[in-house]
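Colleague: All chains, full assembly: derive it from the sequences and hints.
Number of protein chains: 4
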Amino acid sequence: MEHHQSGRHFLQIPGPTNVPDRVLRAIDNPTVDHRGPEFQALSKEVLAGLKQVFKTKSPVVIFPASGTGAWEAAIVNTLSPGDRVLMVETGHFATLWQSMAKKLGVAPEFIPGDWRHGADPAAIEARLAEDKTHAIKAVCVVHNETSTGVVSRIGDVRKAIDRAKHPALLMVDTISSLASIDYRHDEWGVDVTVAGSQKGLMLPPGLSFNAVSDKALAAGKSAKLPRSFWSWEEMIAANKDGWFPYTPSTNLLYGLRVALKMLVEEEGLENVFKRHNRHAEAARRAVRAWGLELLCANPAEYSSSLTAVLMPEGHSEIRFREIALKRFNLSLGSGLTKLRDKVFRIGHLGDFNDLMLMGTLAGIEMTLDLADVPHKNGGVDAAMDYLAHGEAGRAKKRAVA
Amino acid sequence: MEHHQSGRHFLQIPGPTNVPDRVLRAIDNPTVDHRGPEFQALSKEVLAGLKQVFKTKSPVVIFPASGTGAWEAAIVNTLSPGDRVLMVETGHFATLWQSMAKKLGVAPEFIPGDWRHGADPAAIEARLAEDKTHAIKAVCVVHNETSTGVVSRIGDVRKAIDRAKHPALLMVDTISSLASIDYRHDEWGVDVTVAGSQKGLMLPPGLSFNAVSDKALAAGKSAKLPRSFWSWEEMIAANKDGWFPYTPSTNLLYGLRVALKMLVEEEGLENVFKRHNRHAEAARRAVRAWGLELLCANPAEYSSSLTAVLMPEGHSEIRFREIALKRFNLSLGSGLTKLRDKVFRIGHLGDFNDLMLMGTLAGIEMTLDLADVPHKNGGVDAAMDYLAHGEAGRAKKRAVA
Amino acid sequence: MEHHQSGRHFLQIPGPTNVPDRVLRAIDNPTVDHRGPEFQALSKEVLAGLKQVFKTKSPVVIFPASGTGAWEAAIVNTLSPGDRVLMVETGHFATLWQSMAKKLGVAPEFIPGDWRHGADPAAIEARLAEDKTHAIKAVCVVHNETSTGVVSRIGDVRKAIDRAKHPALLMVDTISSLASIDYRHDEWGVDVTVAGSQKGLMLPPGLSFNAVSDKALAAGKSAKLPRSFWSWEEMIAANKDGWFPYTPSTNLLYGLRVALKMLVEEEGLENVFKRHNRHAEAARRAVRAWGLELLCANPAEYSSSLTAVLMPEGHSEIRFREIALKRFNLSLGSGLTKLRDKVFRIGHLGDFNDLMLMGTLAGIEMTLDLADVPHKNGGVDAAMDYLAHGEAGRAKKRAVA
Amino acid sequence: MEHHQSGRHFLQIPGPTNVPDRVLRAIDNPTVDHRGPEFQALSKEVLAGLKQVFKTKSPVVIFPASGTGAWEAAIVNTLSPGDRVLMVETGHFATLWQSMAKKLGVAPEFIPGDWRHGADPAAIEARLAEDKTHAIKAVCVVHNETSTGVVSRIGDVRKAIDRAKHPALLMVDTISSLASIDYRHDEWGVDVTVAGSQKGLMLPPGLSFNAVSDKALAAGKSAKLPRSFWSWEEMIAANKDGWFPYTPSTNLLYGLRVALKMLVEEEGLENVFKRHNRHAEAARRAVRAWGLELLCANPAEYSSSLTAVLMPEGHSEIRFREIALKRFNLSLGSGLTKLRDKVFRIGHLGDFNDLMLMGTLAGIEMTLDLADVPHKNGGVDAAMDYLAHGEAGRAKKRAVA
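Chains as they are written, first to last, in this note's numbering: chain L, 4 to 404; chain C, 4 to 404; chain Z, 4 to 404; chain S, 4 to 404.
I should point out that these hints are in silico values taken from the structure, not numbers from a laboratory.
No incorrect hints appear here.
Treat identical chains as interchangeable: a pair holds within one or across any two.
Cut-off 25 Å, straight-line C-alpha distance, at most; resulting in silico cross-link-like pairs (SDA-like, lysine to any residue):
#, residue 1, residue 2
1, Lys379, Arg397
2, Lys277, Glu304
3, Lys264, Val35
4, Lys329, Leu272
5, Lys264, Asp24
6, Lys105, Ser83
7, Lys243, Ile321
8, Lys105, Lys224
9, Lys106, Ala221
10, Lys277, Gly396
11, Lys47, Gln8
12, Lys329, Asn32
13, Lys243, Lys329
14, Lys58, Glu48
15, Lys264, Arg278
16, Lys58, Leu220
17, Lys54, His7
18, Lys341, Phe113
19, Lys329, Glu284
20, Lys329, Trp246
21, Lys329, Asn356
22, Lys264, Phe42
23, Lys218, Pro124
24, Lys224, Ala110
Modeller: Here's what the structure looks like:
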């Protein structure tokens, strides 16, 4: 039996994230007729708001399905059986997307990776340059690899494709980056952006999204993979007037309306990104102060959504997280597949603030002690120093004084 | 601009239905880690409870996707491209399922129908008997056709298949019947039952279900349609320990737990069915008293979930429903495709009671007046008579007195 | 044990009324610091909004206490031990207020009444005219007597006092009329208006109000009854800056903000009154059609909040209401003290609409049948006729046709 | 204008406290008829549950009014005008209760205090011993003085009264201690215990309580202060069958039911007290490590609900708290009257846990830095050490290793 745990749970996995009370209360409103005028106004509002979050003028499609579905939609709407696609092994989720592609009947080429770096634009360019016949129909990259806390530089990937003068579609998974880390569907020439509700969008899981370029829509005309539920065509046609071709997830759309208002109107997207950057930097300073190693090997690719931390050799992250949950009511992310029992992940995305981060880091520091993981104290202190004083910390302040 | 409407909306479309306050409040709880022990206990509980509702010992799969997805899942998990399936044109939704089957690459044969009758077991038997080579891989029937208010007799369809000694799978859509009209997955030898959250299960839209027989699972082994999101195999394997292969719709599962408790433990499924039968009979008595015609032509196939009513020639149901919505805050179901502007549908399923029905019927009777639809008054009175006194009505009571 | 009841409860007592979902969701937000800036903005907003509802420019005081408290506040803030006050026996609540006055140490004179009429302005004038020494310090009248469904004409009472040239304060209970029946604190020269949250203001119980004239405030200076919790002085002083002298009922104030928005901005107070008038007239037509007798004997004093109905001699309203609750999930108001087991009361105030009324009336008509209360059918029909066609009903329409 | 603040607010004033989500959701349920069977079951359940929290077999009265009301009730139900009562100046709230007593017409004697100590049993004994005529009718003590974080030892006060063989009633304010700090109404022979909903009971403000001994009830028979709303007699009589003499605060009672279940059944009261003791000790260790001074001068009187901290001379707590709120979304308690701008108060009571405390303490430590308050860092570290390792801290652990 679980023992009673007082106080608020610290849900610091890298998603689902802490859903704001206002969003939960919105979801709790009575379901309306999705063929009536009240719903129509709602769907027009959220469809418009989403474009701002994806930074696109193209349509954004909302599926009444959790994030994995939007991966499938990206593939079945643009590709034909046997089509070659170039994917990059940035971690567990990139690997899953690649297996999905295989299951759906396309032929992924998988650029290998060490799970500590993002997609390498040069490698992509090289592979595309070789592909004289343009057999490769799409390049698929995970923007923020949720299993590793490593960000791939999508703008640079775009440039690599352009330099190779290759017509492949660019498809990007932003499930754990959208509305947390700066992302630009149009500016970066992305053809399909895949996203989900339960991370930066601060909603429960259950909605997923595709932002779709004209080029992707055009590709869909000749794509032969069977599709019905995920089909963009009927969706975009119906969305024009605020309708859906089949029953939408009405109550989550209530929540989406509030979440968009909070992100776009109240806090402002650029402030949202700055907030995430700041918390991520504080978390990394704590990790370094503990003497632990960050999984992400390239500072230019640090994630602002989550931080993955390597456990010292011989120490189990599974046991570590069990103690954190049991003693401190703190959920941390686990190591996945290759990283099983080797890393833990700290989610610091979504509706989050300085003191929630400090509670989280304190929980980790105390658990390191309790689990007898070799470390130095001082992580919490380093994070406080940064949150209060910024880059230079107290040192500078004192120097000035 | 919509004018302000005081009081409670009457959501009397045949789904989404009125979500009980307790279910909405449950959904409003903070999202938890779907890889933690609290979630595991939740998913085990709802997976077990669902079996009781489907009346099956086989696995029930929960998709974090609205009902249409479970149609797609039934097909892609059991069939191969070009497979022949026998479907029955009972109405709009049967037709949509058939178009979906085509889009997904199978070859439906569609037994034509007049949208006023259920599937004819004899016609199915005849067709299967002809199919000596067993080219037909599945028979697909909609249990309760939401567009017409006509129920197909699934037990009789089963017997027809058995008489034809045909090995085809039996796949049944119960989207608007499950937990409203008696349904028996195991007893009727159904192989795949398709269902959704937003009707008799009294939840918002966003979950859908497949109950899956051993025979269907076995068919899946050789089925060649590409599948990933909808794949039963990984789902059933993960479900065994209370997990999901990808992010589930956690908050709707909170609601499902409460809804199952209400249906199975508190009211009891058999009482739920009796309640629906009683409200449907009261609604039909009202319709007859108004002098209007029921769309369902066969009393043995009346639906207990909804009642579709033919508008008198020359009268628009669209205008009629607009008046009902504007004047009385009452949403009724529209006529779909073939029935467009010809029938309106009264939903009386889900979390419903006598006085909600009376409000609904009064709204209709007043709207008939206001819209100048030729009719007799007395429908509301006939319904009250039945609700208070049962079959015989006041007449009997008075006769006795 | 209570058996399970599906569907929505019909809470048709004359208060607490059906709380709108939006108001409940507002109340469900986390409590904030009542000494912080967010709370300050909230309290300024609701204090200003309340003035519009009371139609006053004077302060309105909010007590974190249910309605009865505001009765006590009116007395202890204005009177001294032994002070004579003139009260009018309009029914159960007027009688309770009078007993309270006695308990608090003032000396009420109670103009007797038959519980079927409102306060008689002429009787008040006569009594005040006799009171040459101005021993009477206050006249206390219940605007809408919740136990009887009879409205006292406060404007006329004001004129009566003026004609008598008497300086007594005028104190009015609007607990079941405010925001349901037109009421004008300033125009009618009321000195203290007493109100509660759980009726026309569409909130749960727990807040109560005094609107306070300058004259009442001045009377307070010399009033000698002990007071602390109910004291206006500290309250009004603190309210000026948006504060309270002790802990306010923060979460109910969240709800009040939404309710005021709905009443004042969205529907508009005058529309709210028209809606209540219309539902009350429909209810009365139903009662007459049943052949039952209204308790209110004077059509000029009909209440728009509730309708009290006399049970035929020898029939128990207690048993009647038990059947309504058990069979139809319908709560009706009981007969109180003198009227015990003699009348039932239909609440039709607050967040209410045509179809909620029709469900209620249908529940009553069916219960009359089931309880063997002698009556004619046709009440529901009469109400529908009025709601759809207004004054003249179908008859006129047909005559024209 | 307030700027947007992401994430969860840290409401660390010493009440209102953080209301658990489950309690808020309970309050959000539709209001029912408080004269119907569903309400009756609710009120019987909460009335019984409260006795366990007060540790009494005597009746506990629930007022639909915030905490201050229960102070007034204690006085008006037991005393007569001019009655002498002995009160003790433990801080701001004791002083307010004393002023209230004066306003209500009794004659408090106020044993002076320095706001850094609890009530002195010896001083009470001495004063009572002098009172040969038993003119003193009641001794009133605040158990946990919310303005200072000092606890008065009620058991010792009881013994002091007994030693003086004085018949005075013992009345105790437990507003910020009940369900946080061990309290025993019966064992300590308390006659009237005063409590409120918004602290240890984890509810929004709006309910208050009196636990009432037989002796207090007997005193009420002859007590002459006017009373009506606050009168115990009608309340206790009505409560016997689960009713209330006037409209109760139904929705808060829904919340109370859940809160009692959490405190009594799930966590267990003794565990609740241990949790509060532990958090208070951690907070004090942080304060000491910062080099700041605790207001409470006697370790035997430390409060487990809150910790009041003296600001160094010349530093403003008002400015300090403004920075904490603006920069860290953290509400701390202010210095009241005598302590204005001199102390800040950390609330660590109610639904609270280790990481919420760590977030709070980190917010304070960073604010000390930002506000240039002279201090040492290390408070957060000291608290972590205690929370993880208990009394001895890491030191012991290392010594052992």
